[in-house]
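Heads up: the protein sequence lines correspond to chains W, X and C, in order.
The first sequence lines up with residues 1 to 114 when you count with our numbering.
The second sequence lines up with residues 115 to 250 when you count with our numbering.
The third sequence lines up with residues 251 to 688 when you count with our numbering.
It is worth saying that the hints were derived from the structure and are not from the lab.
Keep in mind the model is a prediction, meaning the values are calculated, not measured.
Among the clues, some could well be false.
As the list claims (entries may be wrong) - With a Cα cut of at most 25 Å, we get these calculated PhoX-like pairs of lysine-lysine:
#1 LYS136(X) to LYS428(C)
#2 LYS169(X) to LYS549(C)
#3 LYS457(C) to LYS169(X)
#4 LYS662(C) to LYS457(C)
#5 LYS127(X) to LYS169(X)
#6 LYS127(X) to LYS367(C)
#7 LYS608(C) to LYS135(X)
#8 LYS274(C) to LYS263(C)
#9 LYS608(C) to LYS428(C)
#10 LYS169(X) to LYS135(X)
#11 LYS308(C) to LYS263(C)
#12 LYS457(C) to LYS428(C)
#13 LYS127(X) to LYS457(C)
As the list claims (entries may be wrong) - Facing chain W, a subset of chain C residues (Cβ under 8 Å, in silico):
#14 THR413
#15 PRO490
#16 LEU494
#17 SER500
To be verified - Computed list of chain W residues with no C-beta within reach of chain X, every gap over 10 Å:
#18 PRO19
#19 GLU31
#20 SER46
#21 ARG53
#22 PHE61
#23 MET88
#24 PHE91
#25 LEU110
For glycine and all other residues, C-beta sits at the position ideal for the given N, C-alpha and C.
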Amino acid sequence: MARLISFDIDGTLEVGDPPGAITMAMVRIAEGLGIIIGSCSDRMVSDQTRIWRDHRIPVQFTVLKHQLDTVKAQFAADEYYHIGDTNMDRFYAERSGFKFLLTGAGVERLWIPQ
Amino acid sequence: MPKVIPAPDELSKPFWDGVNKKRLLLQNCAACDAYQYPPRETCATCGSVESLGWKEVRGRGHISSYIVIEDGRLDRRMPDQPYNLAVVTLDEDPGINFYSNLPGTPVHQVPVGAAVEVFFEEVGPGQLIHEWRVTR
Amino acid sequence: MTAQSQYRWRRDKEGLGVWEHRGKVAVAGYGHSPVDRRWDETSMDQTLGAYSILACQKAMADAGVTPDQIDGVICCPTTIAGASGGAASNWAPRPFFDPPYDSEWGLTRVNAQWLIKQMNLRNVKYAPASAPTIGEMVGMASQAVGDGLCTTCLVIYPTGNLTGRYRRGGENAEDYAKGERQWTVPWGNHGGNDFINIFPHNEYCLKYGGAHDDLAPFVINQHRNGLMTPWGFNATHDVPQLTLEDYVTSRYILNPLRLWDCDRPVNASAAYLFTTADRAREMQQPPVYVLNHSQHNFKQRSTQPMLDEIETWTDFAARQMYEGSGLSAGDVDIFNPYDGYSTMTQFYLEAFQWHGVKRGDAFAFYADDIRVEGPHPFSSGGGNLGNGRTRTSMYTDSIEQLRGTAGRRQVKVRAETALCAFTTPSSGGWLMLGKYPS
């Protein structure tokens, strides 16, 4: 079953500002499991690309916060998730047909067996 | 729409009392015949205190400008986003303006320059606010 | 030490003539702390208070003065987030720390009294308790030095930002709107210069022609200048250069106001050292002379200020500044107006008619060559948009341009006068600086 997880950066990932609860190691596990991963953030696309390159994590999309619909159009999956930390993350995720998950509170259980 | 509820104070109570009776009362200065809104302790035009009273206006106006709130900060309004926020000028004194969400006007489809009329919307138990709608 | 709460230092009227202390007061030093996005809640050497002390130390070192020479301290005790800052504007109710961080002072607020105590400034005789914002404090210091209330005066502007999201929570989470908010919040306007300026900006586009995204070249150039500002947030945090595509694809906050039209709240502090021109000539740096300071504070007619009011207000500010400095638009070499939201800057540019820009001309001007290397090096400091919401790059860049030390931002045109401000159209102040006293 194909699964796609979109990560917000600031307030969500450990490298964000503010730092969030999702570590890059957790993201790497998701990538290793074959989950379609990428980022969806207010950061410039070039900035998002730099972050993933610096951490040597190959991602399949880097889009602006209000452009999640393009991700859904581009990638076929059975489940679409967006993990973020703000109401706007939720708004754009749900508008684009993604299930929104709030960062923290063990959200990584979605892909890491406990 | 779960709008934030205005909390009247001593100065604004006559205004909100009027709104709750579906009347648009503005401060008016008997000395210089100027309207003012929001209400103030003194007349902004001539400085008079004792000449300030309340006068009902017809509640007709025009849309002068608008924006669409897409990422506001009010918890109560977040479910409404995106929504229109227009500035309406009063026909009786275009120097007076009001905010309006223009209920009934689709988001992004605000006819700038169009005529509007006031109506009253309940936002809390027994508390109305003045809203505006485009007249056809 | 005196507070001098009744001291009349403002120059906020027309008809005052050329400033009586023109060229007799100077800026002799400046200093910046690092610019962080937020305080991390643990590093006590990175608090707003610690950063303010650091900025003062740098300003004194720049000028070559010692703490015992400081006899004036002016510091704005407000927070960046203000009353509607929500959860990010106060440390409480979280537990405080050991002194000197056993209250909000030093964490979210800094004032002259706190700084004097922490820095052991024993000879301060002028430290007003009700210092306004940086836009007015520089005028307050100029006048105080000119009038002889003090001779060596530090002006400090701290801008704090804590964990949490700007303006989230606090009264923006409440169900009721009290006070002035009862006239705006029920319809969704929670206040701020984003709301204040976006409606007149829309009117501007309609009146003069043009579209919102005509601001793009200006915003992009602000980022470019910011990346050439070594102490700024963008330059120190690997923020990439904003591109046209980045700008026009960015999401809307208050449509048509985009994300990149807004500045980034930061945790930082800056300090400036004002002194007499005579003393400044004995100090370490070439003096930058104060040629005039001015203030304005207008009340809007109704709920929302409109374009005609804003043009009237900014025209007034320009007339009184030019009158007090004895200069005209053609005399101003460096122009650093405020850009806390990109939508307000055109109002200042056109009011002051810098490089001949008149009402309705700003967008065409932005589309021309406004790079620091070019003929119209507009807002050479990069402003808040290029450096984070420090509200100080306008001053620092002006000083550096006149000293000739702006590095990669150094303009190629003449740099003998500079006009700078932190101001909104309705309230704030302007400062005219000169390489020469007259």
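So, going through the hints one by one against the coordinates:
1. At most 25 Å may separate the alpha-carbon atoms for a hinted pair to count; LYS136(X) and LYS428(C) meet this at roughly 21 Å.
2. Of the pairs offered as hints, the one joining LYS169(X) and LYS549(C) holds, with about 23 Å between alpha carbons and a cut-off of 25 Å not exceeded.
3. Restraint check for LYS457(C) and LYS169(X): not satisfied, since their Cα atoms lie roughly 33 Å apart, outside the 25 Å limit.
4. For the hint pairing LYS662(C) with LYS457(C), the CA-to-CA distance comes to about 34 Å; that exceeds 25 Å, so the pair is violated.
5. This hinted pair checks out: LYS127(X) and LYS169(X) have alpha carbons roughly 14 Å apart, not beyond 25 Å.
6. A C-alpha spacing of about 46 Å is found between LYS127(X) and LYS367(C), which places the hinted pair above 25 Å, so the restraint is violated.
7. Restraint check for LYS608(C) and LYS135(X): not satisfied, since their Cα atoms lie roughly 48 Å apart, outside the 25 Å limit.
8. For the proposed pair LYS274(C) and LYS263(C), the alpha carbon gap of about 21 Å is at most 25 Å, so the pair holds.
9. Between LYS608(C) and LYS428(C) the alpha-carbon distance is near 40 Å, which puts this suggested pair outside the 25 Å criterion.
10. Proximity of LYS169(X) to LYS135(X) is assessed by CA-CA distance (about 14 Å); at most 25 Å being required, the pair is judged to hold.
11. Proposed proximity of LYS308(C) and LYS263(C) is contradicted: the alpha carbons are some 35 Å apart, above 25 Å.
12. Restraint check for LYS457(C) and LYS428(C): the C-alpha separation of about 35 Å exceeds 25 Å, so the hint is violated.
13. For the hint pairing LYS127(X) with LYS457(C), the CA-to-CA distance comes to about 38 Å; that exceeds 25 Å, so the pair is violated.
14. The interface hint given for THR413(C) holds, since its Cβ lies 6 Å from the closest Cβ of chain W, which is under the 8 Å cut-off.
15. Of the supplied interface hints, the one on PRO490(C) holds, with its beta-carbon coming within about 5 Å of a beta-carbon of chain W, less than 8 Å.
16. Against a cut-off of 8 Å between C-beta atoms, the interface hint on LEU494(C) is violated, since the closest Cβ of chain W lies about 12 Å away.
17. About 7 Å separates the beta-carbon of SER500(C) from the nearest beta-carbon of chain W, less than 8 Å, and the hint is met.
18. Taking the minimum C-beta to C-beta distance to chain X, about 22 Å, the non-interface status of PRO19(W) holds against the 10 Å cut.
19. A cut-off of 10 Å between C-beta atoms confirms that GLU31(W) is not in contact with chain X; the least separation is 30 Å.
20. At the 10 Å boundary, the C-beta of SER46(W) stays outside the reach of chain X, the nearest C-beta of that chain being 22 Å off.
21. The Cβ of ARG53(W) lies farther than 10 Å from every Cβ of chain X, with a closest approach of about 29 Å, so its non-interface assignment holds.
22. Against the 10 Å criterion, PHE61(W) stays outside the reach of chain X, whose nearest CB is about 22 Å from its own CB.
23. Not every beta carbon of chain X lies more than 10 Å from that of MET88(W), the smallest distance being close to 6 Å; the non-interface claim is violated.
24. With 10 Å as the threshold on Cβ separation, the claim that PHE91(W) sits away from chain X is violated: the shortest Cβ distance comes to roughly 7 Å.
25. No Cβ of chain X approaches the Cβ of LEU110(W) within 10 Å, the least distance being about 25 Å, so the stated non-interface status holds.
In this structure, the earlier hints numbered 3, 4, 6, 7, 9, 11, 12, 13, 16, 23 and 24 are contradicted, and the remaining ones agree with it.
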